[in-house]
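Student: Chains as they are written, first to last, in numbering that gives the first Met the number 0: chain A, 0 to 440; chain B, 0 to 319.
What the hints contain is simulated information worked out from the structure, not anything from laboratory work. Please read these numbers as outputs of a predicted model, since none were measured by experiment. C-beta: ideal position from N, C-alpha, C; glycine also. Do not rely on the hints blindly, as some may be mistaken.
Stated by the list, open to error - Partner residues are not named here, just some residues of chain A that face chain B (Cβ under 10 angstroms, in silico):
id: 1; residue: S84
id: 2; residue: D89
id: 3; residue: V97
id: 4; residue: F118
id: 5; residue: K121
id: 6; residue: P239
id: 7; residue: G258
id: 8; residue: T259
id: 9; residue: R439
To be verified - Cross-link-like lysine-lysine pairs, in silico, PhoX-like; alpha carbons within 25 angstroms at most:
id: 10; chain 1: A; residue 1: K249; chain 2: A; residue 2: K174
id: 11; chain 1: A; residue 1: K195; chain 2: B; residue 2: K121
id: 12; chain 1: A; residue 1: K135; chain 2: A; residue 2: K43
id: 13; chain 1: A; residue 1: K94; chain 2: A; residue 2: K367
id: 14; chain 1: A; residue 1: K230; chain 2: A; residue 2: K144
id: 15; chain 1: A; residue 1: K269; chain 2: B; residue 2: K160
id: 16; chain 1: A; residue 1: K233; chain 2: A; residue 2: K152
id: 17; chain 1: A; residue 1: K290; chain 2: A; residue 2: K233
id: 18; chain 1: A; residue 1: K196; chain 2: B; residue 2: K121
To be verified - Derived contacts from chain B toward chain A, CB cut-off under 10 angstroms, selection only:
id: 19; residue: R63
id: 20; residue: F170
id: 21; residue: T257
id: 22; residue: P261
id: 23; residue: N263
id: 24; residue: S279
id: 25; residue: T290
id: 26; residue: P294
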Amino acid sequence: MTDFRTDRRSLLKGGATLLAAAATMSSEELLGYAKAWAQTAQWKPEAGAKVNLLRWKRFVEAEDVAFMKIVDAFQKANNVTINVSNESYDDIQPKASVAANTGQGLDMVWGLYSLPFLFPEKCTDMTDVATYLGDKCGGWSQSGKDYGMLNGKWIGVPVAATGGLVNYRMSAAEKAGHKEFPKDLAGFADLIKGMKKNNTPAGMALGHASGDANGWLHWALWAHGGNLIDKDNKVVVNSPETAKALEYVKGLYDNFIPGTASWNDSSNNKAFIAGQLYLTVNGISIYVAAKKENQQMAEDINHAHLPAGVDGKTRELHLGFPILVYNFTKFPQTCKAFTAFMMEPAQFDPWVEAAQGYLSPFLLGYEKNKIWTADPKNTPYRNVAETATTPAGIGKMGENAAAAIADFVVVDMFANYCTGREDVKTAMATAEKSAKRIFRH
Amino acid sequence: MTTVQTSMPPQAAATVEAQPLWERLRTSRNVLALWFMLPAAAFLILFLAYPLGLGIWMSFTDERIGRAGIFVGLENYEWLWDDAIFWLSVFNTLLYTLVASAIKFAIGLYLALLLNRHMPFKAMIRAVVLIPFIVPTVLSAIAFWWIYDAQFSIISWSLIKLGLIHQNIDFLGSENWARGSVIFANIWRGVPFVAITLLAGLQTVSPSLYEAATLDGATDWQRFRYITYPLLTPIIAVVMTFSVLFTFTDFQLVWALTRGGPVNATHLMATLSYQRGIISGRLGEGAAIATAMIPFLLAAIAISWFGMQRRKWQQGSDND
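Let's have the full structure, built from the sequences with the hints guiding it.
Tutor: See the structure below:
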């Protein structure tokens with residue numbers, strides 16, 4: 000592989016026109032491209048490799064179709080098999096964990112959040128792939144590095160994130176007195192109060208919803224200066240800042256549509272599309288579905304980042320999607336080649352377009368994709384990587400932080416107080432206890 | 000049974016002393032019996048004793064997903080002892096088991112008595128009763144999930160249309176509603192098992208007893224109290240032992256409906272063990288919670304076992 004660099008350059012030179020035509024590539028052209036790519040790639044798939052890949056079940060159909068096209072082209076060009084299976088958000092992690100523990104069943108998983116950090120010792124070092132992609136596609140954002148690297152080594156490749164941003168009906172917000180989307184915490188609370196009064200309520204999940212509940216509640220905690228752990232991973236959740244965050248969220252919750260304590264990841268999508276919910280925090284999937292099923296509603300939908308915190312900074316916990324390769328796979332080269340192949344511009348650009356805003360890149364070059372500006376309502380989702388923070392917050396991402404978010408420590412703290420089960424002090428003490436249990440080693 | 004010899008023939012017994020050890024072992028029927036039991040024993044050890052032992056051992060380690068643990072003694076249990084969520088799950092499990100089992104028994108017995116009567120389409124009705132038991136748990140849980148949905152519940156919708164309530168019922172979003180809802184779903188699912196098994200018990204009661212009682216002028220209640228009930232007790236003991244064990248270890252229904260929420264109000268020990276062990280990767284802690292279920296299960300088994308001994312239920316007689 001010593002002459003790889005010259006090969007890549009020549010490919011890049013000739014590839015410029017190919018890239019331009021990427022969006023409209025037919026499957027034969029894609030196959031041709033895939034064959035040319037395989038010739039020069041740094042990773043040579045093992046002959047007759049059979050790879051089992053598990054991914055999260057799509058929320059945007061066209062995204063999945065585009066993904067399967069990439070898989071298909073890769074299979075044919077390299078004469079390997081990639082079995083793709085899908086699981087819902089909530090079920091992907093247990094399956095990945097069992098595979099990690101038993102050392103069989105799966106070769107690679109495209110999962111959520113900090114999945115590779117739950118079992119870093121079972122992950123193949125992906126530094127070569129990540130470096131290659133970073134060099135080629137405009138470099139990694141800081142959040143991309145945070146999501147992929149442990150102790151200077153890439154244990155997973157953060158493919159993309161889905162932004163947890165505010166989805167709202169413009170008419171309802173305007174009626175509540177906010178023509179412009181509020182930029183600060185007080186304005187946001189006022190908007191939600193006003194919407195409740197007009198009987199066009201807002202609602203965000205407070206149940207065990209891996210994506211939705213974790214997302215906006217971590218924002219609320221961070222926006223008030225609260226943190227689960229400090230930069231040395233010491234538990235500091237029991238603090239006056241956290242208390243303020245609890246009071247703030249309780250104020251929102253009291254003005255929500257009833258029932259959000261039982262919501263899972265799909266509940267707000269259903270209620271929004273049914274016209275019962277007018278503001279929530281979600282990926283772009285609601286807008287995508289509305290464009291297809293209810294054009295009138297789609298025209299009324301807009302997106303915005305959550306308001307900045309008390310220090311003026313916006314820190315959001317978006318839903319990162321890292322892909323990992325187990326170290327017990329018999330086909331590491333195939334897995335690495337596939338990861339690099341699918342994130343090449345020729346594949347990734349059309350895929351991002353098909354996802355219609357659901358996949359926000361960690362590789363900065365992809366922020367230039369025209370999907371982000373073609374529809375101004377997509378634009379807020381472009382910069383997701385810039386506000387993204389890992390579940391560790393200001394702490395260091397690792398096994399314990401991954402366990403804390405999987406165990407819903409922060410979500411339960413807010414839900415405990417909002418539903419009136421516990422008072423502020425007890426809710427914080429319970430969360431502190433749970434976090435100390437997790438961070439004790 | 001005459002072909003089975005319980006002792007060796009006299010002349011063989013006389014020479015036993017003189018035979019070497021190997022020869023004695025080779026001809027011993029007791030050793031032979033051990034060999035015959037071996038496959039069954041291996042099966043039990045491999046699939047029951049070994050996983051159980053492994054689970055208990057794991058609960059004394061800090062094993063995580065993908066990494067072997069080291070022995071930490073009682074540390075996991077010490078943390079659980081101070082863990083409010085763990086104790087809440089113990090409370091939830093006991094409440095769930097007691098309420099659901101009691102109601103399942105009452106409804107099941109009533110259904111069994113009804114089904115035992117002669118009526119048209121008897122076979123078909125008995126088959127229909129089994130449906131909740133046949134449907135895969137996860138499927139029925141999803142159906143219930145829609146029935147209990149915060150926004151789209153058919154129950155809330157109907158009641159609103161009837162003008163009885165003005166707002167959706169928050170079935171899975173408030174603590175007590177959520178507990179009641181999962182218990183109801185469990186009862187719906189568990190009643191057929193109790194009903195059909197008790198029905199089988201009822202069929203074994205000889206009709207001549209009822210005839211004699213009727214001639215003696217016994218009322219319906221007396222016939223139930225002094226004939227049906229005593230003769231049914233052995234079956235009741237077995238059914239209720241199973242019912243309690245199944246309910247206590249229930250996982251699927253709660254996991255599919257609430258995942259232990261809202262705010263852990265429906266977390267059972269089984270779901271909490273899965274949450275901690277598999278979802279957040281702390282196998283040792285998950286194993287400790289699962290191991291903590293064993294004393295409760297042993298107690299449930301012991302109660303019914305000693306009950307059967309004392310009252311000689313297995314013979315169906317009522318005297319001590």
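Student: Can you name, in rising order, the numbers of the hints this structure does not satisfy?
Tutor: Hints 1, 6, 11, 13, 17, 18, 25 and 26 are the ones this structure does not satisfy, whereas the remaining hints hold.
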